[in-house]
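Could you put together the complete structure from these sequences and hints?
In the order they appear, the protein sequences are chains B, P and G.
Following the working numbering from start to finish, the first sequence increments by one per residue and tops out at 283.
Following the working numbering from start to finish, the second sequence increments by one per residue and tops out at 517.
Following the working numbering from start to finish, the third sequence increments by one per residue and tops out at 340.
Everything labelled a hint here was simulated from the structure, so no lab data went into it.
This structure is a prediction, so every number in the text was calculated from the model and none was measured.
Heads up, a few of these hints could be off.
Here are the computed lysine-lysine pairs in the BS3-like style, where the Cα-Cα straight-line distance is at most 27 Å [unchecked claim]:
no., chain 1, residue 1, chain 2, residue 2
1, P, LYS436, P, LYS399
2, P, LYS486, B, LYS53
3, P, LYS465, P, LYS376
4, P, LYS388, P, LYS376
5, P, LYS486, P, LYS474
6, B, LYS53, P, LYS358
Pulled from the structure, derived: some chain B residues nowhere near chain G, Cβ distances all over 12 Å [said to hold, decoys possible]:
no., residue
7, TRP30
8, LEU34
9, THR58
10, VAL147
11, ALA154
12, GLY191
13, ARG194
14, THR196
15, ALA207
16, LEU265
17, ILE271
Label-pair distances were calculated between CB atoms; the ranges are [to be verified]:
no., chain 1, residue 1, chain 2, residue 2, range
18, B, LEU32, G, ASP221, 53 to 59 Å
19, G, VAL246, B, LEU181, 51 to 57 Å
20, B, ALA178, G, ASP177, 48 to 54 Å
21, B, SER193, G, GLY256, 55 to 61 Å
22, B, PRO66, P, PRO398, 20 to 26 Å
23, P, THR510, B, PRO66, 21 to 27 Å
24, G, ASP177, B, ALA273, 36 to 42 Å
25, B, PRO57, P, PRO470, 57 to 63 Å
26, B, TRP56, P, GLU494, 40 to 46 Å
Yeah, the Cβ is synthetic: ideal placement off N, Cα and C, and Gly gets one too.
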Amino acid sequence: MTPTTTSTGRGGARRGPGPVGALAGRTPWVLVLPAVLGMAFLLLPLAGLLIKAPWPTLPERLAEPQVLEALRLSLVTATIATLVCLLLGVPLAWLLARVAFPGRRAVRALVTVPLVLPPVVGGVALLLVLGRRGLVGQWLDATFGVTLPFTTAGVVLAEAFVAMPFLVISVEGALRAADLRLEEAAATLGASRWTIFRRVTLPLVAPGVVAGAVLCWARALGEFGATITFAGNFPGRTQTMPLAVYLALETEPEAAIVLSLLLLAVSVIILASLRDKWVTSP
Amino acid sequence: MSRRVSRWALAVPLALTLAAGLSGCGSSDQAGSTASSPGSSGAGPTTLTVFAAASLTGTFTELGKTFEAAHPGTSVKFNFGSSATLAQQITQGAPADVFAAASPATMKTVTDASLAGTPTTFVRNKLQIAVPAGNPAKVDELKDLTDPKIKVALCAAQVPCGAAAVKALDAAGLKVTPVTYEQDVKATLTKVELGEVDAALVYTTDVLAAGDKVKGIAFPEADKAINDYPIAALSKAPAAELAEQFVELVLSPQGKDVLTKAGFQAP
Amino acid sequence: MSLHAHLVVARPRFRLDIDLTVAPGQVVALLGPNGAGKTTALRALAGLTGLSGGHITLDGAPLHTLAAERRPIGMVFQDYLLFPHLSALDNVAFGPRCHGASKSDARRTAAAWLERVGLTEHARARPRQLSGGQAQRVALARALAIEPRLLLLDEPLAALDARTRLDVRAQLRRHLAAFDGATVLVTHDPLEAMVLADHLVVIENGAIVQQGTPAQVAQRPRTDYVARLVGLNLYRGIATGRQVKIEDVLLSVAEHLDGPAFVAFPPAAVALYRTRPDGTPRNLWQARIEGIERHGDNVRIHLEGPITASADITPAAVAELDLTPGQRIWAAVKATETHAYPA
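Structure below.
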C-alpha cells in the first residue's frame, strides 16, 4: 500500500527502467523466501476476515445507517486530519531539514514521540492539554467557549496528532535527499526563500509529500486509541469506523468483521486510485 | 555456504512467529497468560489461569496472592479484560481455568458453548453517579443528568456497565443524551477524573477504586440495574482441581470480605 | 559595469584572500588546481558563501551587503542545476518571473533567449531529455535572461564530453562576446581559460599567484602549476648577465638580466643523446629517465637530474635511442630556445 518514493527527475531516472536486464537470471531465494513469508504474514489475517465474513447478511448489515455514518465520519475526519498534517507538517519538516536552530536534534526526536506513544496515552495527553480543564483547553473554553473533547474537531485533532509524524518523517527525508544546490541556483535567479520553497523545493519533494500524506491518511483512518480517549464515542459525531468495530466486537463479532472489511475495501480503493494518479506518474 | 543459508531460512520464520506472538500479547495482555502448560508430569499443573472482568483487577489480584500462599508452589496468572472479549477468547480455545464475568450474558456465551458448568453469582455491583471531586456541576440525583448543560459520559450499551446504565435510566423513565459512549468503565471514569465530563454512571467499585479524584453519588434507581458477577470453573480447564479451589476461595467468607471492602455487594 | 572585489573567506584549514577587478564586457578566468579556492571565490561573488572580510562593489555600489537573491548576477553552475520539474522554457523563465515579470512576459523573454541559444524546438523538453550541450545552453540562457550585470560561470564546460565541448565553447565564446557586463569564469582547463577569457587570474591555495592576458601567462609562467598548464619547463634561479644559476646548474639564456629570474623552455626544445655530444655550446646535463609516456603524436620523457625536466621527442627517436626508464642520458637545450624573465 505504501508507495515507494522514486527519485523521479534527479538523474536516477536517466538510467532507464532499471537494472533488471543486467541482473536477469538466478533469483536469490534467500530474499524471495522471507519476502513470501512476509507477504503471507501480512495477508493471512486479511484472508481470515474474508473467510469469516457473514456474506449472506452482508448487504443488510452494510445498509444500516450507523455504518454509513461511521464510514462517512471516518473518511471526512481522516481527510481533514491529513490536510491539517500537510499544512503544519510540511513546514515543520522543512524547518527540521533546512534551518539549523539550537535543539534541533531534540525537536526531531520529540516530533516522533506520537509514533511510540501508545495512542491511548496520546489521547490522555491531548486531554491534559486541550481538554476542558487542560492547559490550553481551559483558556479556549473561557475565551471562546470552545471545548474540543467529544467533538468531530476533537477526532480530527486526535488523528492528526497520531498521524503527523508519518508525514513529517517522510517529507523531511525527501528534503534531506533533495539537492540543496538547486535551491542555491534559484537564489541566484532572484528567488526569495518563500519562492524557492514554493517553486523549487516543494515540487522536488512532491513524491515524498504524497507518500507521507498517504501514510498519514491511512494512519488517521485506522486511528482508535487516541480518538476514543480524546474525542469519546458518539454515533455520527465522534464514532469513526475503528470505534464502531471495537464496540461491535463486544457483542457482535460478525458485525465487527463486516465493518472492518468495509473500512479495508474503501481505503484500498482510495489508496490504489491515488497511487495510480500520483505516485507512479513522474 | 549452503549451511549458512539454511540456518537463515530457519531463523526467519522463527522470527516471524516470535514477532506475531509478541504483537499479540502487546495489545491486551492475553496471549502470555494462556501458557498454563502442564508442569511436572506427576504432581499435576502448578499454574492456574484466571480470566476475569477488568473491574475485578484489584480484588482478584489480592485473592490470587492469598491463593498462592495457601497453595505453595502454585502460581496464579490473570487475564483481566472486557468480559465479552474474555468470553470470546475462551470460546476460541484459550486455555483458561476459571472465568469470572461482569455480566450473566457474557458468561452465557461460555456456558452455551458447554465450556463451563453452572456458574455461581459471587458478587453484585451497583451503579453510582460519579462526579469529579468538588462536583462542579452540582449533580445530586439521576434526574440532573438530563440537563443538556451537564456533560455526561456513559458506557457503550455493548459493555455491561452501559447495559446497566440503560436499564437504570429506563427504570427511572429518564432520557439522557451523553457526550460519549465509552468503550469500558475505566475509560468512562477517566473522563470524570480529568473533569472532561460532569457526571458518569459507573460501578460503585470503580468509584471507590478511583479514590479522591472522584465522588460517588448513590441513587435509588440503581437497584433496578444490579449487575450480577458469575464465576465458573471451566470444563476444559488444564488445572481443573486448582480451578475448583480458586472458585471456593472466591465464594468463601474470606473472599467475600475482600470483595465487599472494594465496594461489591454480596449476592 | 565594473566589478571590484576583495574576497576574504576564512575557514578552519583554508583561507581565500584575493583582489579581483573586472571591466565591463571583460571576461576574467579564475584558473587554479582543485581546492585552490576558485569556486569559493565565485560563490562569494554570488552571495552563496559569506565573506569573512573584504568587499564587493559593482558599478560603485556595494554588492556584499545584499543577499544572493538581491544581487544582479547570473550564474551558470558546473552541472547546470536546471530545475528537473520545469521545462527548458520555464527554467529560463524562472528568473524573469522572480524579478517581477508576469507569467506571459517571462515566457516571452525565455522564448527569445532559447531562440538565441538555438533551442527553440526544445522549449517544452524537461532537463533530463536534453543532451549535455543543450542543458549547458539552457543554463546559460537562464542566467542571462535576468539581464545580470555580473555573469558567473563555474566550470561551464567541465561536464561535457570532448567533442561537444568544442562546439559549446565556440558558442559560449560568442555569447560572452555579446554580453556587456562583467564575466567571471572559473576553470581548471587552461585552454578553456585562454579561449574564453581576456584576462587570467591564477589562484593557488587561496591566493593569486599570477595574472595577466592569456599570452602573458602562457609565455611567462611564474609557478610550476602554470608552467605545467601551459606545457613549459620552468626554473627559478639567479641571473647574472646571460647566465642563470639554478641550484648547481648554470643555464645560458638568450636574454640579458640580473637578479632573481625564471627560465622557461618547451619540452620540444630538449634534445637527448646516449653519449655526451660535442660541438656547439649548449646547456648540457646528465639525467636519468624517470618515465616515458605518449604525448600527442610525440613521446614525453620525464628526466631527473640536477634539474627536473620534460622532453618531447618523436617515437622514431625513442626507438633509435633505445630509451628505457632508469637509463642515464645526456640532455641539451639551446640558449636561444630558452626564455628568461625576472622573478
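Requested in this report: Mind verifying the non-interface call on B/TRP30? Its CB should be farther than 12 Å from each CB in chain G.
Outcome: Non-interface label on B/TRP30 holds, nearest chain G Cβ at 36 Å vs cutoff 12 Å.
Query raised in the report: Is it true that the C-beta distance of B/PRO57 to P/PRO470 lies inside 57 to 63 Å, as the hint says?
Result: 46 Å, violated
Report task. Classify the label on B/THR58 as holds or violated, using whether its beta-carbon is more than 12 Å from each beta-carbon of chain G. Result -> Holds, because the least Cβ-Cβ distance between B/THR58 and chain G comes to about 51 Å, which exceeds 12 Å.
Report task. Grab the minimum beta-carbon distance between B/ARG194 and chain G and tell me whether it stays above 12 Å. Result -> With a cut-off of 12 Å, B/ARG194 comes too close to chain G, as the shortest Cβ separation is near 8 Å.
Requested in this report: Decide if the proposed pair is consistent with the structure: P/LYS388 and P/LYS376, CA atoms, cutoff 27 Å inclusive.
Outcome: Status holds; Cα separation ~22 Å.
Query raised in the report: Beyond 12 Å from chain G, beta-carbon-wise, is B/ILE271?
Result: 26 Å, holds
Report task. Please work out if P/LYS486 and P/LYS474 have their alpha carbons no farther apart than 27 Å. Result -> 35 Å, violated
**Report entry** Outcome of range test on Cβ distance (B/TRP56, P/GLU494; 40 to 46 Å)
**Finding:** 43 Å, holds
Query raised in the report: Between P/LYS465 and P/LYS376, does the CA-CA distance stay at or below 27 Å?
Result: 15 Å, holds
Query - Interface-negative label, B/LEU265 against chain G, beta-carbon threshold 12 Å - result: 35 Å, holds
Requested in this report: Return holds or violated for the Cβ distance of P/THR510 and B/PRO66 against the range 21 to 27 Å.
Outcome: Given about 45 Å between the Cβ atoms, the range is violated.
Query raised in the report: Within a Cα-Cα threshold of 27 Å, do P/LYS436 and P/LYS399 meet the stated pairing?
Result: 24 Å, holds
Comparing the model with each earlier hint shows violations of hints 5, 12, 13, 14, 15, 20, 23, 24, 25; every other hint is respected.
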